[in-house]
Amino acid sequence: MDLTKDVPANEKAEPKVKKKHFKSRKRQQLIGKILVYIILIAVSLVLLAPLGWMLSTSLKSMEEIVSFPPTLLPETFRWENYAFTVQAFPFFNYMQNTLLITAFVVAGNVLSNSFIAYGFAKIDFPGKNILFALVLATMMVPGFVTMIPQYILFTQIGWVGTYLPLIVPSFFGSAFYIFLMRQFYMSVNNELIEAAQMDGANHLYIWSRLMMPLTKPALITIGIMSFNGAWNDFLGPLLYITREENYTLQIGLQSFQNQSTTQWNYLMAGATLVMIPTILLFFFAQKYFIEGMDLTGGSKG
Amino acid sequence: MSTIAWKKHIKRGLILTSTPLILAACADDAESDPAGEDTPDTEENAGSENSGETVQLEFWSFWGSGPRRETIEAIIEDFNNENDNIEVEYVYQPWGDIWTKSLAAIAGGNAPDVIVQDINSVRQRAEAEQATNLQQFIEDDSFSENFYPQLWDTVIYEDEAYAVPFNTDTQVIFYNKDAFEEAGLDPESPPTTWAELEEDARALDIQSGDDWEQIGFYPRWNIGPDVWALNADEGVSWFDDEGNVTINTPEKVAALEWMLEQQDHYGRDTINQFEAEFGSGVADPFISGLVAMRGQNLNYYTNLRENAPEDLNYGVFRLPEYEEGSGHWTWGGGFVLEIPENTENPEASFEFLQYLTSTEVQERFGMNSFDIMANIEANENLTSHPDLEEQGQEMYQMAQESLETTVITPVPLTAPDYIPLVNAEIDAAFLGEKTAQEALDAAQESVENLVEQNQ
Chain G
26 MDLTKDVPAN EKAEPKVKKK HFKSRKRQQL IGKILVYIIL IAVSLVLLAP
76 LGWMLSTSLK SMEEIVSFPP TLLPETFRWE NYAFTVQAFP FFNYMQNTLL
126 ITAFVVAGNV LSNSFIAYGF AKIDFPGKNI LFALVLATMM VPGFVTMIPQ
176 YILFTQIGWV GTYLPLIVPS FFGSAFYIFL MRQFYMSVNN ELIEAAQMDG
226 ANHLYIWSRL MMPLTKPALI TIGIMSFNGA WNDFLGPLLY ITREENYTLQ
276 IGLQSFQNQS TTQWNYLMAG ATLVMIPTIL LFFFAQKYFI EGMDLTGGSK
326 G
Chain Z
3 MSTIAWKKHI KRGLILTSTP LILAACADDA ESDPAGEDTP DTEENAGSEN
53 SGETVQLEFW SFWGSGPRRE TIEAIIEDFN NENDNIEVEY VYQPWGDIWT
103 KSLAAIAGGN APDVIVQDIN SVRQRAEAEQ ATNLQQFIED DSFSENFYPQ
153 LWDTVIYEDE AYAVPFNTDT QVIFYNKDAF EEAGLDPESP PTTWAELEED
203 ARALDIQSGD DWEQIGFYPR WNIGPDVWAL NADEGVSWFD DEGNVTINTP
253 EKVAALEWML EQQDHYGRDT INQFEAEFGS GVADPFISGL VAMRGQNLNY
303 YTNLRENAPE DLNYGVFRLP EYEEGSGHWT WGGGFVLEIP ENTENPEASF
353 EFLQYLTSTE VQERFGMNSF DIMANIEANE NLTSHPDLEE QGQEMYQMAQ
403 ESLETTVITP VPLTAPDYIP LVNAEIDAAF LGEKTAQEAL DAAQESVENL
453 VEQNQ
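Protein sequence lines, in the order shown, are assigned to chains G and Z.
Read the first sequence against the numbering used here and you will find it ends at 326, with the numbers running on by one and no gaps.
Read the second sequence against the numbering used here and you will find it ends at 457, with the numbers running on by one and no gaps.
Incorrect hints may appear among the rest.
[Unchecked claim] To spell it out: a stretch of chain Z is covered by chain G in this simulated footprint if at least three of its residues, at any positions, have a beta carbon under 8 Å from a beta carbon of chain G; those stretches are: (1) 63-75; (2) 126-132; (3) 226-235; (4) 294-306.
[Said to hold, decoys possible] If you only want the chain Z side, here are some residues facing chain G, beta carbon under 10 Å, derived: (5) Glu60; (6) Trp97; (7) Thr102; (8) Ala107; (9) Pro151; (10) Ile289; (11) Ser290; (12) Pro311.
[As the list claims (entries may be wrong)] Calculated from the model, a selection of chain G residues having no Cβ within reach of chain Z, i.e. all distances over 12 Å: (13) Arg52; (14) Leu65; (15) Ala74; (16) Lys147; (17) Phe169; (18) Gln175; (19) Phe204; (20) Ile249; (21) Phe252; (22) Tyr265; (23) Arg268; (24) Tyr313; (25) Ile315; (26) Glu316.
If you're looking for bench data, these hints aren't it; they were derived computationally from the structure.
Even glycine gets a Cβ: it sits at the ideal position worked out from N, Cα and C.
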């Protein structure tokens, strides 16, 4: 587009220039905006493409899926794929199981990590820094290293075959969440705590009554992250659940993958259904999620 | 604030922190009977000894849906009905991950009674004491004769059996009969030697400008260089019978050179482009008519049956001979049934294992899954089974023929994890970084080193 075309030159020089300047600035802003939107739309299309592909595949027949070139949209929308998927394995039973585990894990993570981080952020005790470094160091240990010893431990205390190995650890803190919470606590003014202590409040009271509400965004962040973690966990349930009726959705989804064939349409339909709660959760909690991830503690400034 | 009010708050705080723990404890009860319709039974090793009558067995496999699952469940139901004193429970485990889980379960000492395991690693598990020695239960020496000899070989560790073969597979080439006709080839006489294969492939190639509309045949698609190499070397894989490393033999070098020529013919870019489009295994170039001949496991037949359009007119031929008379050598894999170490009822488990590998049951499993079974007689019966359609019978006839020259390549105890070493060198050759001779020489050397370290 030629932006200067419609601007007549020389006439009443001064005000025109001003106007022109103003106009072109407005234009520039508009163009800038359009550019930003184009980039944003392009990036979100790229990000959403796999989702769209999943949805489209979930509605196709296998004959259509294996054919080339692939079709962008299904020739006929086979909604019955979804009905088949939820019947192919005990979908709703597995969903209940997954929800049960997830609910406890979220509660455990939110309470324990907030509690532990409060100690690290607001209470002075000898060896605090070393202990904190140790906690962070656990993040460096890869999960595979601890997998078998942990499994043997849980076997020996008789927890294999129950949900306990999946739930109980979340009540004992996790390094990343502790770090996240601690950073958030750092942004909370110490005077508030001192004032409460002056009034005779102990740490338990301060934590549960003052800090929990103040750190809501961070708590919600942890909630969402541990929801995702537990909801999508595959290896944990795989190892510790021994009876098929206690399986979770992620294990159920795998039943569409066989040694030689994969039923892509049902797998994708199942994956779509399993993803819905995660997407809903993200939309509802999006606002808090972004606040909570702000490790610089936006409230301080 | 009064002290009473404070106590109240502390109490609340305590309740707040302890509730989750109590809840977690409750969860145990909640989950052990989630549907609320199970008859209460003991949690661990349900009633193995205490009832004295019925032995409970747990059986793990990765058949999670479709005909395999339906069939195995029906087979188990029949077994349970026939045996008053054994009750088998089938538990599905996800494909691939079943072995992660079984490894943990065996290490933790709460393994199931019977597991379907990979045929290539039986010796490793026998050596690591993860599998029960079955020799003590095999009363009849002719038991092993029920199975293809190369399959039975894989379960032997120090002259004793540690597993029983269940099913297998063999690599063959599927071809599009209509494409043969269009290219002026006789669809009823597919190629029998590499030279003929190449000749037919050239006839089937269709190129328009720089684009390939139809690829006659590219050997690396779904058949590995290792298979072509053992085909050229008269059935000798990367290791010979004595365990010597036989990677850079002249025949294998020639085989790799031939594969590289095929890559050059189509051009590396063409190959890469096709692999990008089909590498994920979702879209199928054979069904789509882009590839006229395609190497595959014979079990690919199930995919074609389920997913190919009705009018796809296809056939199968054995892997061609390197030179006339050198033999249609090919490769196969498969699965075995194993009883993990330290389970409570290995005897009952073996009884179940015998049932699963009996001719009748093998026939039934094969008929519903089109798997090539380990039991020779079962496959023989399936070649003319009245309940199978003609093409199904033909598949089993092909299986019978191809299995005569099918090599199974269990991982030698002296060379665990040798495969990546070899593949890295072969990839270098395909990338043009090394000649076939250089690549296989290097692979020979590094695998020899590996063997030396493990001896």
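Check of the segment 294-306 of chain Z against chain G for coverage (Cβ-Cβ below 8 Å, three residues minimum): Satisfied; 5 residues make the cut.
G:Tyr265 clear of chain Z by more than 12 Å, beta carbon to beta carbon? Answer for G:Tyr265: violated, closest chain Z Cβ roughly 9 Å.
At 12 Å, judged by beta carbons, does G:Gln175 keep clear of chain Z as stated? violated, 9 Å
Exclusion check [G:Phe252 not at the chain Z interface, CB over 12 Å]: Non-interface label on G:Phe252 holds, nearest chain Z Cβ at 16 Å vs cutoff 12 Å.
Would the least Cβ to Cβ distance between G:Leu65 and chain Z come out above 12 Å? Label holds. Min Cβ-Cβ 28 Å, cutoff 12 Å.
Compute the least Cβ-Cβ separation between G:Glu316 and chain Z, then decide whether it is above 12 Å. At roughly 24 Å from the nearest Cβ of chain Z, G:Glu316 sits farther out than 12 Å, so the non-interface label holds.
Is the hint on Z:Pro311 kept, meaning its closest Cβ partner in chain G is under 10 Å away? holds, 6 Å
Please check whether the beta-carbon of G:Tyr313 is more than 12 Å away from every beta-carbon in chain Z. Given that every Cβ of chain Z is farther than 12 Å from that of G:Tyr313, nearest at about 21 Å, it holds.
Least C-beta distance from G:Ala74 to chain Z larger than 12 Å: Nearest chain Z Cβ is 15 Å from G:Ala74, so the label holds.
Hint validation: Z:Ala107 versus chain G, beta carbon distance must be below 10 Å. Holds or violated? holds, 8 Å
Does Z:Ser290 hold up as a contact with chain G if the rule is Cβ-Cβ below 10 Å? OK, holds: Z:Ser290 within 10 Å of chain G, min 4 Å.
Would the stated hint for Z:Glu60 survive a check requiring a Cβ distance to chain G of less than 10 Å? Holds. Min distance 8 Å.
Hints 2, 3, 9, 17, 18, 22 and 23, counting from the list given before, are not met by this structure.
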